[in-house]
Structures are given as C-alpha cells and as structure tokens.
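**Student:** Below, each chain spelled out in residue letters.
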Amino acid sequence: MMETLFSYGPQGWGDELLAGVWVTLRLAAATLPVGLLLGFVVAAASLSRRPVLRAMGWGYTTVMRGMPEILTLFIVYNGLGLGLNRLLDHFAPQIGAVDFPPFAAGVIALALVFAAFAAEVLRGAFQAVPEGQVLAGLAIGMTGRQVFWRIKLPQLWRFALPGMGNLWLNLLKDTALVSVIALDDLMRATKVAVGVTKQPFTFYLAACLIYWGLCLGSELVLTRLEARANRGVRRA
Amino acid sequence: MSLIESLSTNLPKLLDGAETTLILTGLGAALAAVFSPGLALIRLFGPTPAKMLLRAYISFVRGTPLLAQLFLVFYGSGQFRAELTGLGLWSFFRDPFNCAVLVFVINSCAYQTEILRGGIEAVPPGEIEAARAIGMTRARVLARVIFPHAYRIAWPALGNEVILLMKASALASIVTVFDLMGRTRQIFSRSFEFSVYFEAAALYLLITVVFVFLWRQIERRLTRHMRRTQGS
Amino acid sequence: MPPKIATDLVLSAQDIHKSFGAQEVLKGITLGARNHDVISILGTSGSGKSTFLRCLNCLEVPNSGSVAVHGEEIVFRNGRIGDQRQIERLRRHLGMVFQQFNLWTHRTVLENVMEGPVQVKRMPKAEARDLAEGLLARVGLADRMGHYPAMLSGGQQQRVAIARALAMEPDVILFDEPTSALDPELVGEVLKVMQDLAAEGRTMIVVTHEMAFARDVSTEVVFLNEGRIAEQGPPEKLFDHPETEVFARFISKTRRDFA
Numbered sequence: 001m002m003e004t005l006f007s008y009g010p011q012g013w014g015d016e017l018l019a020g021v022w023v024t025l026r027l028a029a030a031t032l033p034v035g036l037l038l039g040f041v042v043a044a045a046s047l048s049r050r051p052v053l054r055a056m057g058w059g060y061t062t063v064m065r066g067m068p069e070i071l072t073l074f075i076v077y078n079g080l081g082l083g084l085n086r087l088l089d090h091f092a093p094q095i096g097a098v099d100f101p102p103f104a105a106g107v108i109a110l111a112l113v114f115a116a117f118a119a120e121v122l123r124g125a126f127q128a129v130p131e132g133q134v135l136a137g138l139a140i141g142m143t144g145r146q147v148f149w150r151i152k153l154p155q156l157w158r159f160a161l162p163g164m165g166n167l168w169l170n171l172l173k174d175t176a177l178v179s180v181i182a183l184d185d186l187m188r189a190t191k192v193a194v195g196v197t198k199q200p201f202t203f204y205l206a207a208c209l210i211y212w213g214l215c216l217g218s219e220l221v222l223t224r225l226e227a228r229a230n231r232g233v234r235r236a
Numbered sequence: 001m002s003l004i005e006s007l008s009t010n011l012p013k014l015l016d017g018a019e020t021t022l023i024l025t026g027l028g029a030a031l032a033a034v035f036s037p038g039l040a041l042i043r044l045f046g047p048t049p050a051k052m053l054l055r056a057y058i059s060f061v062r063g064t065p066l067l068a069q070l071f072l073v074f075y076g077s078g079q080f081r082a083e084l085t086g087l088g089l090w091s092f093f094r095d096p097f098n099c100a101v102l103v104f105v106i107n108s109c110a111y112q113t114e115i116l117r118g119g120i121e122a123v124p125p126g127e128i129e130a131a132r133a134i135g136m137t138r139a140r141v142l143a144r145v146i147f148p149h150a151y152r153i154a155w156p157a158l159g160n161e162v163i164l165l166m167k168a169s170a171l172a173s174i175v176t177v178f179d180l181m182g183r184t185r186q187i188f189s190r191s192f193e194f195s196v197y198f199e200a201a202a203l204y205l206l207i208t209v210v211f212v213f214l215w216r217q218i219e220r221r222l223t224r225h226m227r228r229t230q231g232s
Numbered sequence: 001m002p003p004k005i006a007t008d009l010v011l012s013a014q015d016i017h018k019s020f021g022a023q024e025v026l027k028g029i030t031l032g033a034r035n036h037d038v039i040s041i042l043g044t045s046g047s048g049k050s051t052f053l054r055c056l057n058c059l060e061v062p063n064s065g066s067v068a069v070h071g072e073e074i075v076f077r078n079g080r081i082g083d084q085r086q087i088e089r090l091r092r093h094l095g096m097v098f099q100q101f102n103l104w105t106h107r108t109v110l111e112n113v114m115e116g117p118v119q120v121k122r123m124p125k126a127e128a129r130d131l132a133e134g135l136l137a138r139v140g141l142a143d144r145m146g147h148y149p150a151m152l153s154g155g156q157q158q159r160v161a162i163a164r165a166l167a168m169e170p171d172v173i174l175f176d177e178p179t180s181a182l183d184p185e186l187v188g189e190v191l192k193v194m195q196d197l198a199a200e201g202r203t204m205i206v207v208t209h210e211m212a213f214a215r216d217v218s219t220e221v222v223f224l225n226e227g228r229i230a231e232q233g234p235p236e237k238l239f240d241h242p243e244t245e246v247f248a249r250f251i252s253k254t255r256r257d258f259a
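These protein sequence lines are chains A, B and C, in that order.
For the record, in the first sequence the residue sitting at position 179 is 179 according to the UniProt record's numbering, with numbers rising by one throughout.
For the record, in the second sequence the residue sitting at position 95 is 95 according to the UniProt record's numbering, with numbers rising by one throughout.
For the record, in the third sequence the residue sitting at position 200 is 200 according to the UniProt record's numbering, with numbers rising by one throughout.
In case anyone wonders, no lab produced these hints; they're calculated from the structure.
Treat the hints with care, as some may be off.
Unchecked claim - Computed footprint of chain A on chain B, listed as stretches where at least three residues anywhere in the stretch have a Cβ under 8 Å from a Cβ of chain A:
#	region
1	10-20
2	73-83
3	117-127
4	180-186
Stated by the list, open to error - In silico DSS-like cross-links for lysine-lysine, where the CA-CA straight-line distance does not exceed 30 Å:
#	chain 1	residue 1	chain 2	residue 2
5	C	K237	C	K27
6	C	K253	C	K192
7	C	K237	A	K152
8	C	K27	C	K192
9	A	K152	C	K27
10	C	K237	C	K192
Values in this document were obtained by computation on a predicted structure and should not be read as measured data.
Ideal placement from N, C-alpha and C gives every residue a C-beta, glycine not left out.
Go ahead and model the full structure; you've got the sequences and the hints to work with.
**Tutor:** In structure tokens, the structure reads:
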C-alpha cells in the first residue's frame with residue numbers, strides 16, 4: 001500500500017511530492033542571491049561611517065529579526081497585492097483583481113528576512129578579519145579598494161560561512177511558510193495528497209523526512225565548504 | 001480610517017491575541033525547560049543508544065520546518081483517531097492550541113537541550129574536580145556546581161531561543177489558534193485594513209524588547225560575581 | 001624651525017608628533033636615512049618606537065610633521081590624510097615587516113610574495129612569479145612555496161614576510177620588532193636573513209630588542225625615550241660611552257637579561 005501511495009504516476013503521489021520539492025528548492029535557490037546581496041547592502045550600512053546609515057542598518061536588522069517570518073510574508077504578499085491592484089485600477093481597470101505572483105512574493109519576503117540575519121553574520125565576519133591582514137595590504141601600497149577586494153572579501157567567506165550555513169538551513173525550512181500563500185511547494189503538495197488520501201500522518205511524516213533529508217544533505221556540503229575555506233588557516 | 005480609530009477598534013482583539021501568544025510561548029518554553037536538563041545530561045553522559053536516539057531527535061527537529069511538525073501532530077493525529085479515542089487522548093489532539101503547545105515543547109526542548117549541553121561542556125573542569133575533592137556526591141556536584149554554571153553560560157542563548165519560539169508561535173495561527181498573528185489575519189480578512197499588520201509587528205517587537213530587557217536583568221543577577229573582574 | 005632636509009636622504013621624517021587622545025606619544029622626532037643605512041631604533045616599551053615606525057609609512061597618521069621619500073614630501077596637519085594617492089605612492093617605496101608577520105592566511109607563500117608586484121605594481125604574473133621564486137629561494141624557503149602560512153613555523157613565516165617586502169623592491173625596509181613574536185630558537189634564522197640584507201647594502205630601519213643586532217649590524221642607533229630621541233649615533237660610540245643615564249640604565253639592564 002505504501003508503494004502505491006508514493007509511486008510515480010497517476011495513482012501515487014511520488015511525482016506530485018517531487019514537483020513540490022523542486023519548487024521548494026527553486027524558491028530557496030532564488031532567494032539566496034537576492035538575500036545575500038541585500039544582506040551586503042545592509043551590512044555596509046551598519047558599518048558605515050555615517051550615523052544615519054548606521055541607524056538605518058540597525059533599524060532594519062532589529063525590526064526584521066524581531067518579526068515572525070509569517071507576518072513578514074503576509075505583509076509582503078498582501079501589500080504587494082494591494083499595491084499591484086491599485087496600480088491596475090488606475091492604469092488598466094479592465095483587467096480586474098489579480099493576485100501577486102506567490103513565487104515572487106515568497107522570494108521577496110524570504111530575502112528580506114534572510115538579509116537581516118545575513119547582514120549580522122557579514123558584519124561580524126568583517127570585524128573578525130584581523131587588523132594585521134589589512135595593515136599588511138596597506139603597507140605594500142594597496143588602495144582601500146584593493147584591500148577590500150583582495151584581502152577582506154576573500155577572508156570574509158571563512159568567517160561568515162558557519163553563520164551563513166545556518167541561515168541557509170533556516171531558509172530551506174522557512175520556504176514551507178510560502179505554502180500558506182498558495183505556492184505549490186512541497187508543503188502544499190503534501191496537503192493536496194492528504195486531502196485526497198485521508199492519510200495525514202503518513203504524508204506529513206514523508207514531508208518531514210524529505211525536509212530532513214534536504215537539511216542533512218546541505219549540512220554535508222557545508223562541512224566540506226568549511227573545510228575548504230579553512231584550508232591554510234588551521235594547521236594540517 | 002485614522003490610525004487612532006483603527007487602533008481603538010483593533011487593539012482589544014490584538015491584545016487578546018498577544019495574551020495567547022504569550023501563553024503559548026511561556027507554556028512551550030517552560031515545559032521544555034523541565035525536560036531539557038535531564039536530556040542534556042543523557043546527551044552527554046548517557047548510554048550510547050540513548051545518546052543516538054537523542055541526536056536523531058534533535059537533528060530531526062532542527063532539520064524540519066516547524067510548520068511541518070505542527071501539521072504532523074495536528075492533522076496527523078486524525079489518522080489515529082480511533083486509537084486515540086480509545087486511549088482517551090482524542091479530545092487533547094482535537095484542540096489546535098494543545099497541539100501547538102505540544103509541538104512547541106518538542107521543538108524548543110531539542111534546541112534547549114543542545115544549548116545546555118554546550119553550557120555544561122563549558123564548565124571549567126577544575127571546579128568539578130574541586131567539588132569532587134571535597135567529597136560531594138555526583139548529584140550534589142550537578143546541583144551545586146555544574147548546573148548553576150551551565151545555566152549562567154547558556155543564559156543568553158536560552159533567551160534567544162525563547163524569542164525564536166515566540167516568533168515561531170505565530171505559526172499556530174495557521175492551525176486556527178487565535179494568537180496575535182491569528183487575530184491579525186482575522187482582522188485583515190474582514191476589513192482589508194493593511195495597517196493591522198504594522199500594529200501586529202509593533203506588538204511583536206514590543207514583546208521582544210520587553211523580554212530582552214527582563215532577561216538581561218536576570219542575567220545581571222546571575223553574573224553578579226563576575227562583575228568586578230570585568231572591570232569598570 | 002627644524003633644519004631643512006638634506007638631499008641625499010632616501011627617507012626622512014621631520015618633527016613628527018603623534019597623540020592618542022590626550023596622550024602625546026611622539027613629541028617631535030626628526031630622523032633621516034641615507035642609502036645603505038641600517039638604523040636600529042631602541043627604547044623601552046611605551047617609548048613610542050613602534051608608533052614612530054608606523055608613522056613613516058602612514059599606517060599611523062602623525063598629527064603634525066612631514067615624511068619625505070625620494071624628495072616627495074607629505075606634510076601632516078591636524079592628523080589628517082591629505083592625499084590618499086600620495087600615501088599609497090609613498091608606501092610602495094617602503095617595505096614593512098611586522099611583528100606578527102601578517103601573512104595573508106588565505107594565500108599560499110608564493111601568492112603572498114607575488115601579491116604586491118602583481119596587484120600594486122601591475123607586473124605580469126610570470127615575471128612576478130620568477131621574482132617571488134628567486135626571493136623565496138634567497139630566504140631559504142624554495143621548498144615551501146605552495147604551503148599556506150599556517151603550515152609554517154613563526155621563523156619561516158617571518159622570512160616569507162621579508163620576501164614579500166623585498167618583492168616590492170623598496171628603497172627602505174621597515175622592521176617592526178621582527179623577532180619579538182618568535183620562539184627563542186627561531187630568532188636566529190630571521191636575524192641571519194636581516195644581516196644578509198644589511199651586508200647587501202639594503203637601507204633598513206629596525207625597531208628591535210636585539211642588542212647584538214643593533215650593535216653589530218647597524219650603522220646607526222637611535223634610542224627613544226618618552227617620545228623623544230634621547231640618544232643617537234654610531235653603535236660603538238653609543239654602547240661604549242652612553243651619554244644619558246636612561247640609555248646607560250637601558251643597556252645595563254638588557255645586558256643583565258642576556259647574562
């Protein structure tokens with residue numbers, strides 16, 4: 001019976017779940033670069049010499065990290081939806097009410113959250129690069145820009161990686177929230193399967209195991225990356 | 001609608017929701033705190049099979065979305081309705097609030113156990129030896145030296161965990177618990193009044209700020225003995 | 001008004017003042033180095049000797065005074081950096097060897113040495129590689145080029161750092177207590193390299209605690225005390241006939257440490 005439930009084809013739910021996994025992974029993968037980029041911007045603001053920028057960076061990270069992710073998601077999804085409809089009413093009233101694309105809303109909301117945490121990790125990493133490394137660059141006549149690109153940034157990776165790894169795992173898990181705004185990710189595919197088969201425990205357990213597998217796989221990769229990043233730093 | 005007007009109609013409901021949020025979080029964190037010290041000890045010093053089991057439990061909790069865990073318990077229990085009714089447990093699982101608390105306890109307990117394990121590992125071995133040397137029993141060493149130390153070390157991390165749990169408790173709204181998030185969604189779905197989200201955000205931030213303040217006060221008391229060495 | 005800079009100086013510092021907050025660490029120091037000079041700067045901890053060295057390549061920005069390399073002069077007012085470009089240009093003429101080596105941990109030994117020529121001097125990579133390999137061979141590390149700094153001993157790391165400084169073909173090399181962070185048994189290998197450089201006629205300014213080096217290798221010794229030059233001259237004269245009581249006490253104390 002298990003075999004038919006999870007089989008690949010019209011009777012089983014294997015293909016639907018797999019399609020859900022694909023959406024989940026795409027969502028996380030699409031969010032990562034956006035969140036990282038925004039995280040860099042926020043970190044730069046937090047480390048800025050200008051008090052106004054610093055205050056903005058601090059405010060952003062504090063508010064974003066203090067709010068439940070699901071609330072951020074609703075604000076983004078409904079806010080963008082309202083905004084979009086208001087624009088459409090104004091410019092193209094014949095179209096009528098539309099929903100904001102949930103995938104894009106998911107990416108934006110998750111990236112906003114990711115960026116707040118990433119900014120803190122990056123800020124810490126920037127400050128963790130030993131001063132001597134920078135001085136040595138200045139001493140041979142490097143410009144500030146060269147010091148940033150050639151010395152600080154390559155070493156940043158090493159200090160930021162453990163924190164970033166955790167954020168990636170959180171991101172993978174947070175994608176589940178997007179099922180609430182009608183995106184056909186793994187969580188929602190499971191829900192559909194449950195609705196038809198009336199076997200909620202079986203399917204939600206399967207979903208949990210799939211997420212667990214994704215996280216364990218990620219951890220494996222992250223351990224390797226960390227070992228690579230630390231090559232040359234810890235004694236062999 | 002003006003902000004004042006909107007607040008005066010929404011605030012009572014939101015505050016009611018916030019109360020539920022606090023109860024959910026408090027109950028979840030406190031019950032988890034009952035189990036975590038014992039589990040941390042097993043995780044460190046228990047028999048190998050128990051250690052393995054605990055590791056698997058912690059890894060599972062950390063590797064799966066809380067939402068999935070919540071659905072697994074709340075909807076999943078329906079698959080065993082007959083059995084649960086026979087055991088007299090069905091009325092417990094039928095209530096989303098109970099399921100949410102149960103999941104939060106299971107979830108937070110895993111994180112708290114890991115945090116405490118780190119705290120115990122960070123206790124200076126010399127102090128444990130000193131306690132043994134004056135003839136303390138194992139239980140006394142635990143109660144007088146190891147745990148007081150471990151909790152002091154782990155305190156900030158435990159505070160973070162409670163805040164994370166508070167934020168995560170918003171997921172209970174998805175299984176129809178009317179916590180702060182639940183009330184917020186209810187108000188929005190009836191009135192399409194977008195500002196309610198910001199009011200909710202402000203309340204969540206307020207809870208966090210007050211909690212951080214209180215937690216730091218306790219931390220100051222816990223670390224009284226350290227203050228002189230930290231220099232002034 | 002301090003005396004005008006003599007033109008045969010490769011590096012000269014005029015009336016350098018430096019304060020940290022309310023505390024004045026350097027109270028007007030003037031020093032010049034001609035080609036082939038090896039100047040040892042001695043002083044108790046807190047005398048300002050490291051700060052002075054770092055002022056020379058503007059890692060510390062003096063509050064007032066001026067530094068000139070090759071006749072190009074940078075004048076400091078109110079501790080401000082005037083022209084960043086000018087400072088970068090100045091630094092390219094000055095090599096620096098740090099107490100803590102400060103090798104870039106994310107690059108191999110060879111890459112550490114090539115970095116300056118390639119990135120700052122825009123030297124073609126192949127040429128920089130030849131240069132770096134030659135320099136590493138000279139400091140006795142030809143077999144360590146592919147290693148990362150953490151795999152090396154302190155003495156080896158410091159020799160790489162010296163090769164890195166040499167790779168910029170500097171007019172003057174500044175050494176900031178280059179052996180102070182080393183285990184005693186590793187000090188010798190670094191001093192040997194420095195001695196060879198001095199014998200080659202390199203111009204060097206060395207902040208150090210190594211009395212033997214100051215006495216036997218340097219052409220000039222400067223003793224700093226409380227932010228001022230207390231004594232200055234050829235080593236044999238200074239060590240045998242100290243003029244001030246502080247310096248006499250300083251050398252007798254270090255002699256006792258060595259005994």
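**Student:** Against each hint, give a clear statement of whether it holds in the structure.
**Tutor:** Going through the hints against the structure:
no.	hint	result
1	10-20	violated (count 0)
2	73-83	holds (count 6)
3	117-127	violated (count 0)
4	180-186	holds (count 3)
5	K237/C - K27/C	holds, 25 Å
6	K253/C - K192/C	holds, 25 Å
7	K237/C - K152/A	violated, 47 Å
8	K27/C - K192/C	violated, 34 Å
9	K152/A - K27/C	violated, 34 Å
10	K237/C - K192/C	holds, 24 Å
The earlier numbered hints that this structure contradicts are 1, 3, 7, 8 and 9.
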